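Taken in sequence, the protein lines are chains A and B. Throughout the first sequence, residue numbering follows my numbering, covering 905 to 1296 in sequence. Throughout the second sequence, residue numbering follows my numbering, covering 838 to 968 in sequence.
Be aware that a few hints might be false.
[Unchecked claim] Interface residues of chain A toward chain B, partial, derived using beta-carbon atoms under 10 Å:
#, residue
1, Glu923
2, Arg924
3, Trp1037
4, Tyr1058
5, Pro1100
6, Ile1158
7, Gln1160
What the hints contain is simulated information worked out from the structure, not anything from laboratory work. Every value quoted in this text rests on a predicted model; they were computed, and no experiment measured them. Backbone N, C-alpha and C fix where the C-beta goes; we use that ideal spot for every residue, glycine too.
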Amino acid sequence: MRDVAIIGYGQTKFGELWERSFRSLIVEAGVKAVEAAGIDGKDIDEMYVGNMSAGLFVGQEHIASLIAEHAGLNPIPSTRVEAACASGSLALRQAVLNVASGASDVVLVGGVEKMTDVVDATSAISSASDQEWEALFGATFPSLYAMMAQRYMYEYGLTLEELSMWSVIMHENASKNRYAQFPFKITLDQVLNSSPVAEPLRLLHCSPVSDGAAALIVCDAEKAKEFVNEDEIIYIRASVQASDTIALHSRESITQLKGARVASEKAYKMANISPDKIDVAEVHDCFAINGLILMEELGFCKKGEAGKIVYNKEIAIDCDKYPAINPSGGLKAAGHALGATGIRQVGEVYWQLKQDKEVKDRQVEIKNGYGITVNVGGTGGTVCVHILSNKK
Amino acid sequence: MVVRSWRHIKERYNLIGVRCKNCGTVYFPSREICPKCRRKTDFEDIKLSGRGKVYTYSVVHVAPKDFEKQAPYVIAIIELEEGVKITGQVVDCKPDEVYIGMPVEVVFRRIKEDGDDGVITYGYKFRPVEN
Ligand SMILES: [Zn+2]
């Protein structure tokens, strides 16, 4: 297998973008990525798109062909990948495998979701859970994560204050991100007093409904030198995916995400590093509790310890003991445009590792040169982990 | 869809799952293959007792359209005596009376006021067991 690199990244703003269409979002992100990589449309051999539910959100399927056309990339192969909220990183994994195998040299991989064209986005989102045995009985998507939080509090004594500090940190980080949906700070009291959605979770523990798109240029590591300076190449050292039961009730434990543990352990092995070598992480905090659980599954701390670490803000951008987590503001504050999220997470870590001017206000200190992303589909039925490095 | 709910009557009305005779594991809802035994799967139907304990729960305030009239309501995962866990509402008590470990038993109720196509869906919910 060949080494695979990232040579460019671009994204739109995430948010309720009433004036923007599905097509214009993904094309903007794609064009920005192509420009950042200094390549030309004709250099692109193939493309993948991560998207959860254009069918339910904008009534359009067959979007891979539509996007290739609007990006001016016909007749290259174009493939859509779907795994609920993990669609983006799964698309990236397909691109990585494609380049590693030698089938293509340069692949464009995008992620996009247009969620605000429908009145009731929540029923579309709930299709990420088990429709027949969860949703039908009244389990909403937030209530599934709320049940994880409730059980976690029972097993480990997590307090609502500790959980709520997650959102405070995310908003602090997002205030330095011009693409974030909520680029402003909030207080702990605001989180604790926000309206209940599914107790114990309140509105400010939840990621928003977002429109947005993101795109990466993935390239054979040797060929990458033709396009960008060698010190600007970021390498994909691991791309790993795992699955678990779609329904929460079918799992032995709901205070852990087994898929994330399995995938990250395998990823660390592939990259030949231990978790303490990670400088920066982007984790899938669709709800605050998932941020805490993923810190534990990625091996940054022991089971049940994440709450205290978060409460002490030891995951902040300028922290020392633990990796900086979600310098972008995470799904909570940067926004969660489902299919685009997995690409956006990798894009953030890419920018951080190459110390791009885009992140100068939120630059994490790069000591070991490693970053990790974890993108989750549904309540953990699909998990995808990527490890990036500035070293080959 | 009517057929879609009719297909699951055995499970939703009578709480019938399957037990793998090869390894003893109980599954609800029933499935085709025992993940532990795969090709050695040997299923028989089993009627579940409907008695169990609250494993976890949430009080839902922001409800889907079909459940709006019931909000706030309690959704829970119940661990049944047979060891299998299922998702359902806890009713006949106030939301703040529910706790992890609370003993409950099954009741059959109307699940949704009105389905997508006007069909009323019935099925299981849980209520506290009187001591
Ligand atoms: Zn078995």
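Tested hints:
{"no.": "1", "hint": "Glu923", "in the structure": "violated, 27 Å"}
{"no.": "2", "hint": "Arg924", "in the structure": "violated, 26 Å"}
{"no.": "3", "hint": "Trp1037", "in the structure": "holds, 6 Å"}
{"no.": "4", "hint": "Tyr1058", "in the structure": "holds, 5 Å"}
{"no.": "5", "hint": "Pro1100", "in the structure": "holds, 5 Å"}
{"no.": "6", "hint": "Ile1158", "in the structure": "holds, 7 Å"}
{"no.": "7", "hint": "Gln1160", "in the structure": "violated, 13 Å"}
Going through the hint list in order, the structure does not satisfy hints 1, 2, 7.
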